[in-house]
Amino acid sequence: MADGPAPAEADGFTGPDGVPVGAASAVRPFLLTQGRVAGHASGTAIPVEAQIVATTAGIEALDRLTLERHAIVAACREPQSVAEIAARLRLHLNVVRVLAQDLRAEGQLSVHVPNPGAARDASVLRKIIDGLRAIPDSRGVLRDSD
Amino acid sequence: MTPTDPAARGTAVRTAVVRPPLPVKLVVAGGFGVGKTTTVGSISEIEPLTTEAAITEVAAGVDDLSHTPRKTTTTVAMDFGCITIDPTLKLYLFGTPGQDRFGFMWDDLVEGAIGALVIVDTRRLDDCYAAVDYFEDKEIPFAVAVNAFDGEVEHTLDEVRWALDVSVEVPVTVFDARERGSVRDALLVVMELALARTEA
Numbered sequence: 000m001a002d003g004p005a006p007a008e009a010d011g012f013t014g015p016d017g018v019p020v021g022a023a024s025a026v027r028p029f030l031l032t033q034g035r036v037a038g039h040a041s042g043t044a045i046p047v048e049a050q051i052v053a054t055t056a057g058i059e060a061l062d063r064l065t066l067e068r069h070a071i072v073a074a075c076r077e078p079q080s081v082a083e084i085a086a087r088l089r090l091h092l093n094v095v096r097v098l099a100q101d102l103r104a105e106g107q108l109s110v111h112v113p114n115p116g117a118a119r120d121a122s123v124l125r126k127i128i129d130g131l132r133a134i135p136d137s138r139g140v141l142r143d144s145d
Numbered sequence: 000m001t002p003t004d005p006a007a008r009g010t011a012v013r014t015a016v017v018r019p020p021l022p023v024k025l026v027v028a029g030g031f032g033v034g035k036t037t038t039v040g041s042i043s044e045i046e047p048l049t050t051e052a053a054i055t056e057v058a059a060g061v062d063d064l065s066h067t068p069r070k071t072t073t074t075v076a077m078d079f080g081c082i083t084i085d086p087t088l089k090l091y092l093f094g095t096p097g098q099d100r101f102g103f104m105w106d107d108l109v110e111g112a113i114g115a116l117v118i119v120d121t122r123r124l125d126d127c128y129a130a131v132d133y134f135e136d137k138e139i140p141f142a143v144a145v146n147a148f149d150g151e152v153e154h155t156l157d158e159v160r161w162a163l164d165v166s167v168e169v170p171v172t173v174f175d176a177r178e179r180g181s182v183r184d185a186l187l188v189v190m191e192l193a194l195a196r197t198e199a
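Just so you know, the sequences run in chain order S and F.
Going by numbering that gives the first Met the number 0, the first sequence opens with residue 0, and the numbers climb by one from there.
Going by numbering that gives the first Met the number 0, the second sequence opens with residue 0, and the numbers climb by one from there.
No lab work stands behind these hints: they were computed from the structure.
Any given hint could turn out to be false.
[Said to hold, decoys possible] Listed next, the stretches of chain S that the computed footprint assigns to chain F, with coverage defined by at least 3 CB atoms under 8 Å from CB atoms of chain F:
1. 61-74
2. 82-88
3. 91-104
Every residue gets a Cβ at the ideal spot worked out from N, C-alpha and C, and that includes glycine.
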């Protein structure tokens, strides 16, 4: 299995216009990521719920980005989870993870990984409980978000 | 939002345009066709989305003389939805890919989850064993929710608890995956359990 890049490095896509990463959705995930896989030994994969947002630099660089990289940055004008991006762009989850790491290294995306303690933070859990309790039984009634 | 200072632009290159919410997640698990996607869809504010994810299958060495577990990676479809709690907090609901068999590892998906709802169809109780074993092993708070298809449940909750052999701390409840209020209440059971653990 190919070694992945060190997390802090922005190599792999150092061509001036980025690297052509395949033209069709039928392309194998490995081609889109140049053979790299997410979650390799040197670092854990970005969690599926991690939020990805385009940076101002990313928005400014949109014209220069191609294909999947362009699509990811364009989709992230509003914060989205890794899973949402993968679903909306019909890309394999792990392809989004690898490309998002590249784009983060290049400063075009910021990746907000949840604090691992959040799931055991009582104040966070209470807020969710209150939020769920506010959901009405029926689909027809919209939640009143003041 | 603070107004953009042109002088500070150079240092603001890596700043996100919009501040994202804190994402947290619950996992919805259970056998194939048990109602996981229906459950997510009943309460999600978006239509459930599907993405391809990789999971690891550990093959128990049944016909393998070496008895060494073989691991294979399989691409499966994963459904999910979300609920915005407030602008700073967003709850994701991830359905584990529908597998009836033992030996699937969802670590990649489950890492950092608040807890899990294991959905059970009482006509096919054994389909959920893999999920129950998994969350027990990972010490992730979970509740068992019997999906009452057409309002019918073939076994009492005591029978389900006995059959699944879950500990007394694991809540076992009945719900209807098609009813938003019912899904909400089932998720609240998991949330209350997770909260109780933080206070234990």
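Consistency of the hints with the structure:
Beta-carbon proximity to chain F at under 8 Å applies to 0 residues in the region 61-74 of chain S; the threshold of 3 is not reached and the given coverage is violated. Proximity of the region 82-88 of chain S to chain F, defined as three or more residues with a beta carbon under 8 Å from a beta carbon of that chain, is established by the 5 residues found. Counting residues of the region 91-104 of chain S whose C-beta sits closer than 8 Å to any C-beta of chain F gives 3, which meets the bar of three, so the coverage hint holds.
In terms of the numbered hints stated before, the structure departs from hint 1 and from no other.
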